[in-house]
Every structure is written in structure tokens, then in C-alpha cells.
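Enquirer: So the chains spell out like this:
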Amino acid sequence: MTSATALRSRHLLGIADLDPSEIELVLETALAMKEIGTRPIKKVPTLRGRTIINLFFEPSTRTRMSFELAEKRLSADTLGMTTTGSSVSKGETLADTARTLEAMAPDMIVMRHGASGAPHQLSRICRASIINAGDGMHEHPTQALLDALTMLERKRRLAGLQVAIIGDLVHSRVLRSNVLLLTRMGAAVRACGPATLVPPGLDRLGVRVTTSIDEALDGADVVMMLRVQHERMSGLFLPSVREYFTFFGLTPARLERAAPDVIVMHPGPMNRGVEIDSEVADGPWSVILDQVANGVAVRMAVLYLLAGGEAEA
Amino acid sequence: MRILLKSIHLVDPGAGRNGRFDVLMEDDRILRVGPGLPADGAHVVELPSALVVTPGLIDMHVHLREPGHEHKETIATGTASAVAGGFTAVACMPNTDPVNDHSAVTEFIVKRAAEAKLARVYPIGAVSMGSNGQQLTEIGDLRHAGCVAISDDGRPVATALLMRRAMEYASMFGMPVIDHCEDPSLKGDGVAHEGPVAAMLGLRGIPGAAESVGVERDIAVAEMTAGHVHIAHMSARQSLRAVRAGKAAGIRVTCEVTPHHFVLTDQALAERGGYDANTKMNPPLREEADRAAMIEGLRDGSIDVIATDHAPHHADEKSLEFDRAPFGIVGLETAVSLCLDRLVHGGVIGLPRLVELLSLNPARVLGIPGGTLSEGAQADLTVLAPDATVTIDARSFKSKSKNTPFDGWTLKGGVAATIVGGRVVYANENMPVGRKLRDTT
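If you read the sequences in order, they're chains U and H. For the first sequence, this note's numbering assigns the number 295 to the initial residue and increments by one for each residue that follows. For the second sequence, this note's numbering assigns the number 16 to the initial residue and increments by one for each residue that follows.
One chain only, chain U, in its complex shape (with noise of 0.2 Å):
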């Protein structure tokens, strides 16, 4: 495989869009802005002079926080825009929203919205380079990134890693990123849920999917557990709390069938006690917080990588 020394794109619409050199390109560089963040003066001028829009059509703390960090770490100059007391509850189209911040010309949009395709769309509008940041239940690009930087960090490798996604499936977008990823550099991965969660034709895209846990952590490297919401037990999805968590609840006694030295992630925020138990949480498996972390260093690798990467880091 040629290494890549740029992206393709100038969009991070989502994983779809990038090949394997690509993905290597964006985790090297994402190491290398690790470094940054131990620095006593965590800020370099990389993007000075640069403008970015937060465009946050969905609540988000952890994501918009993190990307907010990134820039402000490179010096881009950053302005935020969320749904509530914007125009889009006066009942303005995306596209036209689109056209108004287009006119202020930023140089990138970081976008989340609840409608899947939403930043596509807006590509096709906008001149400015535009992040997804999480759409509906399609992609959240950078989430499998900072997940494949931390594999990488505890495991050396991606390639040939047993990787076992646990949880709602279906309603996932961190799953479908993940899935991309990960299949495309090499990793095997189970995908488990109750049947109800499951998207049919997920069994067609290079997944091994089983409804039973015990058959995915069986020898797993890598546990990803994913977010239940609670709206879900009223949907005809699940009968309840309790019987989600006696059935696909992540437990020390289940975590024995994995792999010696697995390591639990998970993309918060989490449901201790639905999808996963505190003692499995704050336990020695859990690199939870490493993904916080590495969050930081994958967003400024991506916003550094699209304004061309001709700064020095």
C-alpha cells in the first residue's frame, strides 16, 4: 500500500469516503498532535488567521468539546451555532441556513444533525470544507478514528483484531464508522444486539452479527459497547431496562470470555447499569477515558489535514 500524504477530499463527510493509506494518514497525524497536548503552551499556530463554524443542529457535549479544544488549539479562530435560538426553529431549510453562513465565508463547517445525509447535502452547497460531525444514524467519522487511535495505542495493530460492538445497533453511528473502519483495515468484528436492534442486511457488509453475548466476547480483543437509550424501551424495541441489561449487559463474569488483556470502550455518555456495569466501567479493561483524549488529538489531525496540511504542527 502507497502512504498517502494528503486526503483526497476536502470534506470528512465519513469513513466511506476514505481508503486504508487515508485512515493511516489521519491516525500518524493524529499521534503526532498528541504531543501538542503535553506541551505546557497546548497551542500552535497552525490555523491562525482560519475560520471555523460549529453547526450543532443536535445536543452535544462531549463532541463539540472536543472539537472546540482542537481548534482552539490550533489557533483557528471558532464560532458556534446550535439549533435552539437559531433561525432553523423559525422554521428555516438546511439549505438556506446553509447559504447564510456560506455568505460569512468560513473556511470549514463542523456539522451534527439529526438527519442522515444532512452534511452531505450541505457539501454540495457550501465551498467550505465540511466535518461531520455525527448525521442521524449514518456516520460520526472522527468517533472511529479516535477509537481506531486508542486500538492502535493498547494493541499495536488493527489488522487482525477480534473487535465485538455490543449494544443498539440499529440506531448507531458510531457502529456504521466503526464497522467502515475497521473492516477496511483489516479487523474482524462481531456486531451484537438484540434482535429487534439489529439492521437487517447488517449480516452483508463484512460483519459477523449474533444476537448472543456470550458468543461475541468469546475470545474478543477489543469490547465496544454502544449507548442504549431509554426512549427505546417504549419503541417495542425492548421489554425493559432490566431485561436489556440480563441479556447484553457488559459484566466482569461475561468479560472473562474475552481476550487476557481486552480493553472495554465505549463512546459515551454511558448508561451504567443498562448497557454496561460500573465494575466493568472504572475497572482495569476500560480505556474509556483514553478515547476523551485521543478525541482531541484525531479532531486537530482532521481539521490540520483539510486545510491542506501545509503548516507545520
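Wrong hints could be hidden among the right ones.
Quick list of in silico lysine to aspartate or glutamate cross-link-like pairs, DMTMM-like style, CA-CA up to 20 Å [to be verified]:
#: 1; chain 1: H; residue 1: LYS21; chain 2: H; residue 2: GLU41
#: 2; chain 1: H; residue 1: LYS21; chain 2: H; residue 2: ASP37
#: 3; chain 1: H; residue 1: LYS21; chain 2: H; residue 2: ASP55
#: 4; chain 1: H; residue 1: LYS333; chain 2: U; residue 2: GLU386
#: 5; chain 1: H; residue 1: LYS333; chain 2: H; residue 2: GLU311
#: 6; chain 1: H; residue 1: LYS333; chain 2: U; residue 2: GLU318
Derived Cβ-Cβ restraints for the label pairs, each shown as a range [stated by the list, open to error]:
#: 7; chain 1: H; residue 1: ARG314; chain 2: U; residue 2: ASP497; range: 30 to 36 Å
#: 8; chain 1: H; residue 1: GLY423; chain 2: U; residue 2: ARG566; range: 50 to 56 Å
#: 9; chain 1: H; residue 1: GLY382; chain 2: U; residue 2: SER528; range: 44 to 50 Å
#: 10; chain 1: H; residue 1: ASP315; chain 2: U; residue 2: PRO494; range: 27 to 33 Å
#: 11; chain 1: H; residue 1: PRO447; chain 2: U; residue 2: ASP497; range: 53 to 59 Å
#: 12; chain 1: U; residue 1: THR299; chain 2: H; residue 2: PRO447; range: 54 to 60 Å
#: 13; chain 1: H; residue 1: ASP315; chain 2: U; residue 2: GLY480; range: 33 to 39 Å
#: 14; chain 1: H; residue 1: GLY83; chain 2: U; residue 2: ALA397; range: 32 to 38 Å
#: 15; chain 1: H; residue 1: ALA307; chain 2: U; residue 2: HIS524; range: 47 to 53 Å
#: 16; chain 1: U; residue 1: SER506; chain 2: H; residue 2: GLY189; range: 56 to 62 Å
#: 17; chain 1: H; residue 1: ASP315; chain 2: U; residue 2: THR299; range: 55 to 61 Å
Covered, in the sense of this in silico footprint (three residues per stretch, anywhere, with C-beta under 8 Å from a C-beta of chain H), are these stretches of chain U [what the hints assert, rightly or not]:
#: 18; segment: 320-328
#: 19; segment: 409-417
#: 20; segment: 434-447
Read the hints as simulated data drawn from the structure, not as lab findings. Values in this document were obtained by computation on a predicted structure and should not be read as measured data. We put the beta carbon where it would ideally sit given N, CA and C, even for glycine.
Using the hints, position chain H against chain U.
Expert: Chain H only, in chain U's frame:
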């Protein structure tokens, strides 16, 4: 005025004709059809030998949007679109605002269509008041005002009991009940066919069974009532299986399929950058096995009718997020080219079978005039140019709306002219014969 179309290639399966014939028209009627008719003082028109004349095409499933949604389409623009697409008649669905659930609305539609003087318009009345599934409309009164069928299209006929009563009642007037088959709970808030493509695009799915559950219900009710149910825009292979079984059992069930369901699959949702709302329709574009099943149904005769489900929407509405954009595409001005290219040149069926699907059978299902050129029949004809190369250009559509996934497609086969009641109501300016015909009549 008498006009003799001399030695034209006539394809009229209803009359068992497929070959060189003369057609003698007087004013708005067909006088005679046969070989070697004498001119007898009639104006003689000869057409290039590559052209094919058929009984006027009939699209039995369109949305003309008037009254109520005139920013999408009007009866005038919709019928202009129809004749530009080779259709001499259309049947329009009742989901306007107000709903066509009362003879006053029907009469308004009939009046507007007469003013437009383009395609014939056959209104379809609502099954239930407001299409709300609660109370039967005055079906007999709708019939007398001009309705040819009843449907709550846009929505399914709400319950099995309503379907039963509608079929029992409509059969007194010889009208079919047309159903948009869909189980609302299985469809949920889905926006795309449930399968790997929707799974990867993160779009909520609509399974094929959401449709076939409704088809199975309707066939059971049709058997019970001996009524006639017509399945609108069938898309799922399970539905076709149910229709075949129903027909084999002698139950009065007919069905239609749209060009987009036999040409496209859900892969189109992922193409051209993805999430183009012009690939969003209900029922959704399904997977290849379904598309192939529809092709097989067209070939083996299980499918009775090709209808477009012409559903105009304004560009502003279609530019919303995929989840929020309305369902549907325009179809009147692309149907003939898609059918000729994919079905006839694609080797699926011959021209006579295509004319059955686009003219003879829709006339029979609705019990309306046309479908074949018998002596004394109204002079509604479509002139096809089966070998012409056509490039779809949405901007040039006569329809007020341009929402099509086929923009820019180059296809083999088009429409040269459309004649309604002996008048040339459309002549393709890109073809010399179109200009010639227009100047004749």
C-alpha cells in the same frame, strides 16, 4: 374534417393489430381502420416508417395537485406534461386539498380539465371522507360527477372493514377500489427500503412486507366481497407473489407498477454523493430481487398496468434533509422512454404487450373509453418514435415540478406526437414528423 393516416405501423393489441394499416378519422372519432382504405376526399397523412401509432396511452395513477397545491402542479400543467409524455388520458388521485371526497371537487376537476383541452382527465374519488378512514364518501354521487374509481391513495385504505364496505359499495357502480397498500405500523417513520443500503446510509427502513401485508389483506377482502381491488404502485416481490396467487384463485385483483420500480433499485440512494431526495418515494426503491421480480411480472402477464404515480413536488420541498423531504417523483414525461428503452429494446416485452400495459389494460381496469382503436371510438392516438434517442432534461418538462432521478439520462425511444379527440395536442418539436402532424390538424 377527415384525415387518413396512410399505411402507418399500428400496434393495437385490443383489436389484434400489429402491422401496416390505414386509420381514417373524422373530427374527434375513428371512422375506419383497415388495410388499403380509399382516400375518399380525406386529407392523407403519411408518416415515416419508423414511427408507431398506438391507441392513446393512459396513465391511471397521477397526482395533479389541484386544488390546493398549485405551486407543485395544476390541472393545466399536469395535462400538458401528460400529452408531452404521450398520454392522452390520466386518472388523478384524490389527495388534493380539499380531498376529492365530494362531487363538487370532482366537478371542479372535470371543469378545469375541459378548459385545459389537453389530456382527458378521469378523477378518482376518495374512499373515505378526507381520506381519514372513518366514513364512506358518497360513492354513487362521485360516480355520477365523473369519478371512475375510488382510492385513499397517499394513504392505505385504513382498515379491513372499510375495505370491505368500499368494495361492496363500489361494485354496485362497477368501480374498482385502488389501494396504496401499506401497513402503517410496519412502515413506521421509514424513508427507504429496509436492507443493506438503508442500513449503511443510516436511513430508517420500510420492509417489503409493509406493502405485502396490505396486498394480502385486500385480496382476502376482494374474495369475500367479489369486488375488484387494484393494487397501486406495487414494488415488493412478496406482493407480486400474492397477486399471482389471487389471480390463480380467480379473485378480481389487478395491479400496476411504476417505471422507477422496474428501472431503479435502492442503490440509487447511495449514488451521486448520496441522499438525493429525488430517489425518495413511497413505496421506496427496492432491492434488485424486487426489481427483477417486477420485470418478470411485466413479462409473464401477472402485472396488468404500468402507471407513473406522477408526484410533483417543488424544488424547495425536495431540497430538505432526506428524512424531511416529501415522497415522490414526476413520471409523465419519462415513462415512455424508460419503457421503450428498458422493456422493448431491453428484450423484456414486445410493443403489443407494452400497449396493453400502457393503454388497453388501464382502460379496462377503470372501465373507461379507449385502449383500442375500434370504429366509432374517440380518436385518441399516440405516435411513438421507438428508435429515437432521447436525453431527459428536467428543465424542459411541461410539468411545473422537476423532481426526477432520471435527469440527464439518454434513452432509446420517445414520443413524436399525441392526438386527443382528433386534435394534435402535442407535437415533438425535435422531430420533423411532429411539426408535420401539428400543421395537418
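Enquirer: Now tell me if each hint is right for this structure.
Expert: Tested hints:
1. H/LYS21 <-> H/GLU41: With a Cα-Cα distance of about 14 Å, the restraint between H/LYS21 and H/GLU41 holds, given a limit of 20 Å.
2. H/LYS21 <-> H/ASP37: Cα-Cα ~5 Å, so holds.
3. H/LYS21 <-> H/ASP55: holds, 12 Å
4. H/LYS333 <-> U/GLU386: Cα-Cα ~14 Å, so holds.
5. H/LYS333 <-> H/GLU311: Roughly 32 Å between the alpha carbons, so the hint for H/LYS333 and H/GLU311 is violated.
6. H/LYS333 <-> U/GLU318: Not OK: H/LYS333 and U/GLU318 at ~38 Å, beyond 20 Å, violated.
7. H/ARG314 <-> U/ASP497: 30 to 36 Å: holds, 31 Å
8. H/GLY423 <-> U/ARG566: 50 to 56 Å: holds, 53 Å
9. H/GLY382 <-> U/SER528: 44 to 50 Å: Since H/GLY382 and U/SER528 have Cβ atoms about 48 Å apart, the given range 44 to 50 Å holds.
10. H/ASP315 <-> U/PRO494: 27 to 33 Å: holds, 28 Å
11. H/PRO447 <-> U/ASP497: 53 to 59 Å: holds, 56 Å
12. U/THR299 <-> H/PRO447: 54 to 60 Å: holds, 58 Å
13. H/ASP315 <-> U/GLY480: 33 to 39 Å: violated, 46 Å
14. H/GLY83 <-> U/ALA397: 32 to 38 Å: Since H/GLY83 and U/ALA397 have Cβ atoms about 35 Å apart, the given range 32 to 38 Å holds.
15. H/ALA307 <-> U/HIS524: 47 to 53 Å: With a Cβ separation near 42 Å, H/ALA307 and U/HIS524 fall outside 47 to 53 Å, so the hint is violated.
16. U/SER506 <-> H/GLY189: 56 to 62 Å: holds, 58 Å
17. H/ASP315 <-> U/THR299: 55 to 61 Å: For U/THR299 against H/ASP315, whose Cβ atoms are near 57 Å apart, the range 55 to 61 Å holds.
18. 320-328: Result for this restraint: violated, n = 0.
19. 409-417: holds (count 7)
20. 434-447: violated (count 0)
Violated hints, in rising order: 5, 6, 13, 15, 18, 20; the structure is consistent with all others.
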